[in-house]
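Residue numbers (this note's numbering), protein chains in the order written: chain A, 1 to 297; chain B, 1 to 385.
No lab work stands behind these hints, which were simulated from the structure alone.
There may be inaccurate statements among the hints.
As the list claims (entries may be wrong) - A few chain B residues that don't get close to chain A, going by computed Cβ distances all over 12 Å:
#1 Leu50
#2 Phe55
#3 Asn156
#4 Tyr236
#5 Val365
Stated by the list, open to error - Below, a sample of chain A positions facing chain B; criterion: calculated Cβ distance under 10 Å:
#6 Tyr46
#7 Leu47
#8 Val70
#9 Leu71
#10 Leu74
#11 Leu75
#12 Arg100
#13 Gly109
#14 Leu120
#15 Ala276
By construction, the Cβ of each residue, glycine as well, lies at the ideal position given by its N, Cα and C atoms.
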Amino acid sequence: MFLQQLINGLTLGSVYALIALGYTMVYGILELINFAHGEIYMLGAYLGIIFLGFFTVTGLTYYCLPLALVLTFLLSIIFCSSYGFTVEKIAYKPLRNAPRLSPLISAIGVSIFLQNYVMLTQGATDKVFPSLFSNSGIEFLSVRTTYLQLFIILASGILMLSLRFFVRKTKMGKAMQAVAQDKIMASLVGINIDTVISSTFIIGSGLAAVAGVMVAMYYGLVNYSIGYIAGIKAFTAAVLGGIGSIRGAMFGGILLGLVESLGASYISSEYKDVYAFAILIIILLVKPGGLFGKAVV
Amino acid sequence: MEFNKLKAIFREGPYKAKSLMIALWFSFLFLPFKGLKAALILFGVLLVSLWFLKFLRRYIKVLRKRLQGIGDSIPAIRYPNVRSMFFVLLVLFLFIPYISSDYFTDVAILAGIYIILALGLNVVVGFAGLLNLGFVAFYAIGAYTYALLNTRLGLNFWSALPFSIMFSTAAGFFLAIPALRLRGDYLAIVTLGFGEIVRLIINNWDSLTMGPNGVSGIDSPSIMSLSFGKLAYYYYFVLIFVILTVFVTRRVYCSRIGRAWIAIREDEVASSAMGINTTMYKIYSFAFGAFWAGLAGTLFAAKMHFVSPESFTFMESVLILCMVILGGLGSIRGVILGSIILVLLPEVLREVQLYRMLALGSGIVLLMIFRPQGLIGGKGASFRS
């Protein structure tokens, strides 16, 4: 029972971690809580359903399921990144020199807009993900891990590691670090800040898209309102690990997933969502720097 | 000035590209959600409207200059007599139940309750400059306190009112003490979390709050044997409270406390150097804001005779925040205007109700970009972390 919940929590946690990375990167660079990020994740889940549905209709999933899946992921990433890019250009860029709360309120506006945009175009009812995967998995010490869970954990792990590599080793990643440290100084040494910020949004949204598609596969149900609560939880994860720190977001996400699934099974599942909020408030009050970050408030 | 901003935004960013590219881009974004046909339609509509905008932009400058000339020559239009307008409006408000239908009176009562709420939030966000995204929690506490005291213990409106106000004020006070160590957006997130926790507790504590089913059968207030259950009576009842709220918040705004809030909003370090106990005054602003939310919650519960957790979601907090921002942060007149607009708008736009929230979302973004001070907010009303 405990180990089973551990696996479930790990699955959930790696999804939170993927979304949290988007929050933490944007916060590190713009000091902005990107409220719309949860909605990008929701868009990703919808896009996953839409594209996989499309491939099912055209018969691609029947001939070659892996290809259809890869295409679904790729297309979702492309579209979500485009949405993230557009949102930044429209709603945040004009406010870059405004008081700090203006972009936050603007982000709430974007979030409301995207939610209702999806509700109007896709309907208010739950969307069902085509069930393509058998429930099979490996059993070990009476713990069942489905292949899907394994896939989610592995894929998130690989993505997080490659992001870490990207930020540390590549030119763009180093530019991101520089901009996060000091925008003016970075622009003085010839870094194009707009490009860096745009690519931050593109990468963050791409990760959220992957998280969205995987959640849609895992739960099989998607609703236009899933973005808000997932966004808050991922933000909690980012704060828990120390906002601005990529390593922190990974650990924070996994920790939060574990707390939630263990709390739901041992304490009370009705208060499942309360745990995240309570952790968020306690962390902010006791150790606002998070587990790995420096204090930013 | 806004026009220059608009121009600058049009010049740079995605607008630098040709209209064709913009139209193509947005229809590309739209493509997977509604299919090829709808995307093509969107493309056409966007292209035509962008061309039209381009065409318009050439003439808007000339037009604007001319309009300015007209405005200058008629000072009465530019500077309307506020006091006389106020009295005309007051008389109009007094006669609403006589000149309008029950339906409209009902909407007016709701507007009154929202005015009290928005004025309360204005104390926190507008005066003290602290973003509170969980304001609805205090509203919920006020509403549920009255609902439970009334249905469980049989207390009437007047004996329950002090309790609901006291509880919500105390909640504001106790949330403020730890939360105010944080600043800016972190404070916003903690208040958001608080709001959600209160709602989730109400939703799940079945034995006390009846959970999602809500509490029903709440009494209307009465004085002696006069019950305010009738819509028109209740309208006046709420109106009296609205006037009280406006009066008190205005007086507090002009007092030493109000000036301390403004000072904290404009520059916290400088104001604490001037000897203002910033933490204390911030706590005051939270408690004072929560006070009005408790009052509004009680009035809401007494009006609906029913409360359920659905009325106290995060969206409600955002809506109240929008009222404050739309009218103008820190401006009492502006907040009243903003609440009336946002309560009336959905009633007017009933046919296009589906697109209401879409418009609200994009409206918030546009407002933040082009007019962050709100419709009639003062120039001085800035807000920062």
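Q) If you check each hint against the structure, which ones fail? A) Violated hints: 5, 8, 9, 10; rest satisfied.
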